[in-house]
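With the sequences and hints as input, model every part of the structure.
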Amino acid sequence: MKTLIKVKPKDYKVGEIVKIDFMAMHPMESGMRKDKDTGQIVPAHFINEVNFFFNDKMLTKMVTWESLSVNPVLSISMKVSATGTLKVLAKDNKGDNVESSVAITPKG
Amino acid sequence: MERRSFLKGFGAVSACVALVPTIASAADEAKKVKGPNEMSVESALNAITGGKAVTPSSKVSLSAPEIAENGAVVPVKVSVESPMSANDYVKAIHVLATKNNNSRCANVYLTPANGEATFATRIKLGSTQDVLAVAEMSNGTFLSAKQNVKVTIGGCG
Amino acid sequence: MHKLSICTALFSLALCGILNAEESMSMNAADKAMYAEMLENNPAAMDIAEGEELFNAQIGQEAYAKMLGVSVKDLPKTIAGFPRLVKAAGKVVTLSQSLQMAAAQQGKAVPKLESKEMVKMSGYVKSLANDLKTNIDVKVNKQMEEMVVLGKHIFEERRGGRGLSCNSCHSPDIIGSRLRMQELPDLGAPTTASASTWHAYRMTQSAMVSFDKRMQQCMKNALLAELPLGSKEMVALEVYVTNKGKGNTIQIPGLKR
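Protein chains in written order, with numbering that gives the first Met the number 0: chain A, 0 to 107; chain B, 0 to 156; chain C, 0 to 256.
Among these hints, one or two may not hold up.
Claimed, not checked - So, partial list: chain A residues that the calculated Cβ filter (under 8 Å) puts toward chain B:
| hint | residue |
| --- | --- |
| 1 | MET24 |
| 2 | GLY30 |
| 3 | PHE52 |
| 4 | PHE53 |
| 5 | ASN54 |
| 6 | MET57 |
| 7 | GLU65 |
| 8 | PRO71 |
| 9 | VAL72 |
| 10 | LEU73 |
| 11 | ILE75 |
| 12 | LYS78 |
| 13 | SER80 |
| 14 | VAL101 |
Hints listed in this document are in silico derivations from the structure and should not be mistaken for laboratory results. Computed from a predicted structure; not experimentally measured. We put the CB at the ideal spot given by N, CA and C, even for glycine.
What follows is the structure, given as structure tokens:
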């Protein structure tokens, strides 16, 4: 599962609120789609858990479902409290999981 | 001139005939097959609130397009008015697609560290329907907002 | 003849609610703004990032610039002018073809034009020219002059079972009308900015698609014979259509229906 985390804007200070965007390459199969070639139902395969941590403290916990678009994008806010690491753990219903992180470096 | 207008009409027909049947049968298929996580909006709401009342409120703002030309990618943005302080914050934002087989899209559990109660994503909508956002407040109440999204089937290009 | 044309038009409207279908069924300005905002979070950004890794592993900017006969500093503006004459090839080539040449020169496996690797790699390389204007020059040499003439011919030639040409749907007097809810795009306008907005993420396909592949998709949908990627005809068509949008700012990856 390929992922990407973006923090916006690029420059921010302690106390300011930034936008965190998490993206993943994932088919998000609903379990209702028939494969065009085989005629078989494609089994459900979707990201079902995405957890955001800042300096190892839980920031936001998400339970997600197959109704999210293919290659989903999830955006939340975060109040910058210190320098540190934002970590995102994403899991899908087949047990695949990935950890990605980005440095939070406030200026001043 | 006449030849051109003939071509316009003809071009449109020819490019579309091929598409119409496949779209119709795909929709029929979708009706027959039940999803593995099927859940109606009523049951989903009940699971979220434990039967408590959900009050429509201007504190919750939900934006989604009025018309989505492609039901596979519908942008949805929710923000909830709140100080996000230790004892007054938004505990969770739930996004529901009221007519999807599984109405649940995302349950987002926030903390005061979020600073603002916002959540944005893109969802799939199987048909024209209401999108519902439910905010679970730290005082135990549930506020909501909804918006209707018309889903049109895209074209030939 | 006149009657026939009206009949056909009515028939087509009834069949799939197309040309000039009701405005009310298409997106309003606020909706469009929401989709435009999504550009910021384009899933294709992940493909571009992967393309960067691939490019750096297989070729690298220095080797690529050398193959093109330019300095690394001049790479972006050179990239903004594809398809172009590449001396080492002795002919007009697309960006992807030039990457194939560079990979071969490095003794690396040459990715196929239609491969996912190539789409990602060429997407990344084109993004190096982001914010520059498309600067294709169809008068700079004999080869380019020939290609744009051939490209125009292909754009206007009616082919395939339905006797359609690209021009049937993308000529100035039909642009903006609707075909099954979709506005027929002006391939040269700064707003739609065709060539400069591809590679783009197609929401209907949940994948990043290259410009030549997008043109192939139009051929397929309109039942025109599909020109193979990399063929002289396809390159000429890309020259012609890119030139329509000359001067438009390159913004890769785009986001499209």
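Worksheet item: Taking the least C-beta to C-beta distance, is GLY30/A closer than 8 Å to chain B?
Response: holds, 4 Å
Worksheet item: Under the criterion of a CB-CB separation shorter than 8 Å, is LEU73/A in contact with chain B as hinted?
Response: For LEU73/A, the interface hint holds, since the closest Cβ of chain B sits about 5 Å away, which is under 8 Å.
Discussion item. Let's test the interface hint: is any C-beta of chain B closer than 8 Å to that of MET57/A?
Written reply: holds, 7 Å
Worksheet item: Does PHE52/A pass the interface check with chain B, least Cβ-Cβ distance below 8 Å?
Response: Violated, about 10 Å.
Practice prompt. Against chain B, run the beta carbon of ASN54/A and see if the smallest gap drops under 8 Å.
Written response: Since the shortest Cβ distance to chain B is 10 Å, the answer is violated.
Discussion item. Under 8 Å is the threshold here; is the Cβ of PRO71/A close enough to any Cβ of chain B for the hint to stand?
Written reply: holds, 6 Å
Worksheet item: Taking 8 Å as the limit, does the beta-carbon of SER80/A come near enough to a beta-carbon in chain B?
Response: holds, 7 Å
Practice prompt. May I ask you to test the interface hint for MET24/A with respect to chain B, counting a Cβ-Cβ separation under 8 Å as satisfied?
Written response: violated, 14 Å
Discussion item. A closest beta-carbon separation below 8 Å is what the hint needs, so does PHE53/A meet it against chain B?
Written reply: At about 7 Å, which falls below the 8 Å cut-off, the nearest Cβ of chain B leaves the hint on PHE53/A intact, so it holds.
Discussion item. Restraint: GLU65/A near chain B, CB-CB cut 8 Å. Satisfied or not?
Written reply: Interface hint status for GLU65/A: holds (6 Å vs cutoff 8 Å).
Worksheet item: If you take the shortest Cβ to Cβ gap from VAL101/A to chain B, is it below 8 Å?
Response: violated, 16 Å
Worksheet item: With a cut-off of 8 Å, does the beta carbon of LYS78/A approach a beta carbon of chain B closely enough for the hint to hold?
Response: holds, 3 Å
In the structure shown, a violation is registered for the earlier hints numbered 1, 3, 5 and 14, in ascending order.
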